[in-house]
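Number of protein chains: 2
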Amino acid sequence: MKLLDCTLRDGGYYTNWDFDSELVDTYIQSFNHLPVDYLEIGYRSNPQPDYLGEYFYCPVYVMDRLKAESKKKLAIILNEKDVRAEDVNSLLAPCKSLIDLIRIAVKPANFERALGLSKVIKKMGFEVSFNLMYMSDWETFPKLFGLMKETEGVVDYLYLVDSYGGVYPEDVRLTIKRVRDKADTKLGFHGHNNLEMALANTLAAIEEGVNIVDSTVTGMGRGAGNLKTELLLTVLNSKGLIEFNYNWLSKVTDPFQQLQNNYEWGTNLPYMVSGANSIPQKKVMGWVTKRFYSFNSIIRALSNQSQGRKDNIELPVFVPNNKFDKVIIVGGGPSVKNHKKAIHNLINREKDNVCLIFASSKNSPHFKSNDYHQIHALSGNEGYRLENTFSDLNTENRIAVFPPFPREMGTYVPKNFENKSYQLEEFYEMKINNESATALCIEIALLINPKEIQFIGYDGYDGIVSEYEIELFNENNIIFEKLDELDINFYSITPTKYDQLQVKSVYSELS
Amino acid sequence: MKLLDCTLRDGGYYTNWDFDSELVDTYIQSFNHLPVDYLEIGYRSNPQPDYLGEYFYCPVYVMDRLKAESKKKLAIILNEKDVRAEDVNSLLAPCKSLIDLIRIAVKPANFERALGLSKVIKKMGFEVSFNLMYMSDWETFPKLFGLMKETEGVVDYLYLVDSYGGVYPEDVRLTIKRVRDKADTKLGFHGHNNLEMALANTLAAIEEGVNIVDSTVTGMGRGAGNLKTELLLTVLNSKGLIEFNYNWLSKVTDPFQQLQNNYEWGTNLPYMVSGANSIPQKKVMGWVTKRFYSFNSIIRALSNQSQGRKDNIELPVFVPNNKFDKVIIVGGGPSVKNHKKAIHNLINREKDNVCLIFASSKNSPHFKSNDYHQIHALSGNEGYRLENTFSDLNTENRIAVFPPFPREMGTYVPKNFENKSYQLEEFYEMKINNESATALCIEIALLINPKEIQFIGYDGYDGIVSEYEIELFNENNIIFEKLDELDINFYSITPTKYDQLQVKSVYSELS
Numbered sequence: 001m002k003l004l005d006c007t008l009r010d011g012g013y014y015t016n017w018d019f020d021s022e023l024v025d026t027y028i029q030s031f032n033h034l035p036v037d038y039l040e041i042g043y044r045s046n047p048q049p050d051y052l053g054e055y056f057y058c059p060v061y062v063m064d065r066l067k068a069e070s071k072k073k074l075a076i077i078l079n080e081k082d083v084r085a086e087d088v089n090s091l092l093a094p095c096k097s098l099i100d101l102i103r104i105a106v107k108p109a110n111f112e113r114a115l116g117l118s119k120v121i122k123k124m125g126f127e128v129s130f131n132l133m134y135m136s137d138w139e140t141f142p143k144l145f146g147l148m149k150e151t152e153g154v155v156d157y158l159y160l161v162d163s164y165g166g167v168y169p170e171d172v173r174l175t176i177k178r179v180r181d182k183a184d185t186k187l188g189f190h191g192h193n194n195l196e197m198a199l200a201n202t203l204a205a206i207e208e209g210v211n212i213v214d215s216t217v218t219g220m221g222r223g224a225g226n227l228k229t230e231l232l233l234t235v236l237n238s239k240g241l242i243e244f245n246y247n248w249l250s251k252v253t254d255p256f257q258q259l260q261n262n263y264e265w266g267t268n269l270p271y272m273v274s275g276a277n278s279i280p281q282k283k284v285m286g287w288v289t290k291r292f293y294s295f296n297s298i299i300r301a302l303s304n305q306s307q308g309r310k311d312n313i314e315l316p317v318f319v320p321n322n323k324f325d326k327v328i329i330v331g332g333g334p335s336v337k338n339h340k341k342a343i344h345n346l347i348n349r350e351k352d353n354v355c356l357i358f359a360s361s362k363n364s365p366h367f368k369s370n371d372y373h374q375i376h377a378l379s380g381n382e383g384y385r386l387e388n389t390f391s392d393l394n395t396e397n398r399i400a401v402f403p404p405f406p407r408e409m410g411t412y413v414p415k416n417f418e419n420k421s422y423q424l425e426e427f428y429e430m431k432i433n434n435e436s437a438t439a440l441c442i443e444i445a446l447l448i449n450p451k452e453i454q455f456i457g458y459d460g461y462d463g464i465v466s467e468y469e470i471e472l473f474n475e476n477n478i479i480f481e482k483l484d485e486l487d488i489n490f491y492s493i494t495p496t497k498y499d500q501l502q503v504k505s506v507y508s509e510l511s
Numbered sequence: 001m002k003l004l005d006c007t008l009r010d011g012g013y014y015t016n017w018d019f020d021s022e023l024v025d026t027y028i029q030s031f032n033h034l035p036v037d038y039l040e041i042g043y044r045s046n047p048q049p050d051y052l053g054e055y056f057y058c059p060v061y062v063m064d065r066l067k068a069e070s071k072k073k074l075a076i077i078l079n080e081k082d083v084r085a086e087d088v089n090s091l092l093a094p095c096k097s098l099i100d101l102i103r104i105a106v107k108p109a110n111f112e113r114a115l116g117l118s119k120v121i122k123k124m125g126f127e128v129s130f131n132l133m134y135m136s137d138w139e140t141f142p143k144l145f146g147l148m149k150e151t152e153g154v155v156d157y158l159y160l161v162d163s164y165g166g167v168y169p170e171d172v173r174l175t176i177k178r179v180r181d182k183a184d185t186k187l188g189f190h191g192h193n194n195l196e197m198a199l200a201n202t203l204a205a206i207e208e209g210v211n212i213v214d215s216t217v218t219g220m221g222r223g224a225g226n227l228k229t230e231l232l233l234t235v236l237n238s239k240g241l242i243e244f245n246y247n248w249l250s251k252v253t254d255p256f257q258q259l260q261n262n263y264e265w266g267t268n269l270p271y272m273v274s275g276a277n278s279i280p281q282k283k284v285m286g287w288v289t290k291r292f293y294s295f296n297s298i299i300r301a302l303s304n305q306s307q308g309r310k311d312n313i314e315l316p317v318f319v320p321n322n323k324f325d326k327v328i329i330v331g332g333g334p335s336v337k338n339h340k341k342a343i344h345n346l347i348n349r350e351k352d353n354v355c356l357i358f359a360s361s362k363n364s365p366h367f368k369s370n371d372y373h374q375i376h377a378l379s380g381n382e383g384y385r386l387e388n389t390f391s392d393l394n395t396e397n398r399i400a401v402f403p404p405f406p407r408e409m410g411t412y413v414p415k416n417f418e419n420k421s422y423q424l425e426e427f428y429e430m431k432i433n434n435e436s437a438t439a440l441c442i443e444i445a446l447l448i449n450p451k452e453i454q455f456i457g458y459d460g461y462d463g464i465v466s467e468y469e470i471e472l473f474n475e476n477n478i479i480f481e482k483l484d485e486l487d488i489n490f491y492s493i494t495p496t497k498y499d500q501l502q503v504k505s506v507y508s509e510l511s
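In order, the protein sequence lines correspond to chains A and B. Counting along the first sequence from 1, when you hit position 207 you're at 207 in UniProt numbering, and nothing is skipped either side. Counting along the second sequence from 1, when you hit position 38 you're at 38 in UniProt numbering, and nothing is skipped either side.
Looking at chain A on its own, in the form it has when it is part of the complex:
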């Protein structure tokens, strides 16, 4: 039975496939002393439209260096969905004599197409494995098991991949038997740890006689992560199956444990729910790592999804009752507080002609009075936040407007808004595929059809900004660009770092 460590490949989901070269040296040197057969060092890939780092492309100088340092067989993986047979030569010719095993991540639906790819790669002299994803769904692909015979001689290892992290040992045993009935190809197992079943499942696979299993140091890997290499080695050692010096294991575990303090891979309640209910962890990982949504709203969305519904509350469509000449869209920046007096002064001059729309609840405590017309745009998690911001909000002159149904995270109507909540029919102008609060506010404003839209509290960010803040900043800039193409007058009246927002100082508007 062979062991394969895929820390750099699977851990790259957290680091964008960039790793300290010192860490990689420690990794390679430690594994030279550990009873693991293959190290999967990353992807090879055609150029992708996103930034993806060193180990997503594994240029030749990387493969050269690791080949020189490592005494182990090296593997890389290809995403079948992004690679056609005609790409194989350019991607893999440089790997010859450096890489031993080419793995292919295959969706069940593309199994037949992948067989063609495999034949080309095999002819180049590589070992080939199929990492056949979504093992818990295999039964739903009518042709899949019938095709498995064709992997014989074409694929060296056929992996069962527990993509959702939701299978149990009995599922592993059953599926292995099911495949064995069809094909004599050597088998592998790649487990995820959402339910902390990665070890139990892998031990079941080993008992069933699979020929190769995967793990990663500290379990580093997409979402909840993988079987931990240190756990697998410790258990196999205690069973007398392998021998090694624990100092080398500890040497490679230590620095990844430190890295884990930053990236926090590993399972938690949202990953457990997604695993137990076979929901892809790609989406959950985005929600969890952005720290934008509370566990509560993630759990609510997941349990909606697990019950086969995306959202369970449909609201009346928003139609503006009043006519306003001016809409003020309120962001979350501190400029609102800093210029509060002037802003109130400005609104009070024509308050029945002004409608405030809140993109974020953060600044709404500065507008507690119910003299103003106020709309709370409640995208994503904002319903919870609004409720947390005001313990008992008087909703006179206020309504809430949600994005179009169905909403990805479900619908949470905050207290006192039960009969004052509406939804957009669609994103009419701002065609974007998420629940951007700014886009929602603009859509509401456009329906109101004012003479102008003013922005306050769209400050941009200072100092150290999180990845999420950068993303939000870029997204807002794109939205402002789109707004600029429409026939509407808009500008910020508080200081802003957004290039796309023109500014007319709030003070210049006051007499």
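Read the hints as simulated data drawn from the structure, not as lab findings.
Intra- or inter-copy, both count: the list cannot distinguish identical chains.
Straight line, CA to CA, 20 Å or less: simulated DMTMM-like cross-link-like pairs of lysine to aspartate or glutamate: (1) Lys251 with Glu387; (2) Lys96 with Glu54; (3) Lys504 with Glu452; (4) Lys239 with Asp137; (5) Lys239 with Asp171; (6) Lys504 with Glu481; (7) Lys239 with Glu139; (8) Lys482 with Glu429.
Following the hints, position chain B against chain A.
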């Protein structure tokens, strides 16, 4: 089948059984909405000689409060080894009508004695459970299974406790069958998560029909911790066995997850090794949480222990070759650097008559010259540290002296000290049961038998100190007290916060 959550009881190993009352309120209220039957809130205990907090004693006002808040059955646990039948009334009479279930933590060797205790408690009207520890060792107690029949009618639940966290589902199934052959008592399972097998083992126990299983929120519990309540509930829910609102689960998981950032319970390499090799985690928990030993040395010690030896290297006994009038013991404090010039001046006046003994490698870079006679006292982890302090140390005029064999953490002889390492035969004067670096230095000094011992770098601690530093400070004070009882002249020549150290300034000694 019943579920019992024992977060406060088992989590107390990390917080010394003190918990924020707000956290406890959230805990109790959330569980009011979750399908768990029992909450174990802590211990009841006779006074112990250590500080142990609120939930180790569960005074009546605590039980009153939780009883008023909770809709669940409440449990407390007793340590059988500390409780005799005659203590039962004083400990448990106050629990009547507040507590439903009394659990007793029982070692296999004391099983028979515990039966007597159980009868007394049962007569008081409580439900009783035995948490019978070390299930993987049960077979080694010849009388144990024969006595199990006697639990019928005396014990409501007989728990299999996987104390080491090292069992597998097949062990659970076998042991359950083994007990069932002997007794009809209802069974329970309490799993630990060293090998991330707590869920797999608990599911096996449930399949075998046990009547109650334990878990804790976020797995909080001694050492590697327990089965996670949120994981068990999520899995049972996905299997259609229980229903609940995930918002309540998320509400109680969130604050414990934050607490986990401070205390870092959960499994890691040392706990895996101890689990896989049935080594008690009490000791490992001390090593891991003090952050004093590197993972490397913990692993070395554990793998020694798992091979049935405490240490594998015996060294020649230290016998002083030279006679010195003065010994200077060097601690790790910054005063050594601050007064370096004066210290060197002092030593150089009579350098063949002075021997330096280093309790810590921290200050040894200030004495790089090999003109001085130097001894490195290498307790605990110090061998590794010395090696890391000097990349390539010239050992002329230097030797290393270790504590007596066998050493708890094993023996690490640093590079270049292969033929220059010795050990004490015993701690002759400083009778202490650990590897205190200061005691080791003093023993070495006493063997040299100088006219006086001077201390430098024993500064004590300023500002925010860690729990470990407080412990070290107190330990050193006790050692200085012992030294004071002997007929030897000793004092510090650098500033010190140790009450037990007299001071003669290094400057007063210089002319």
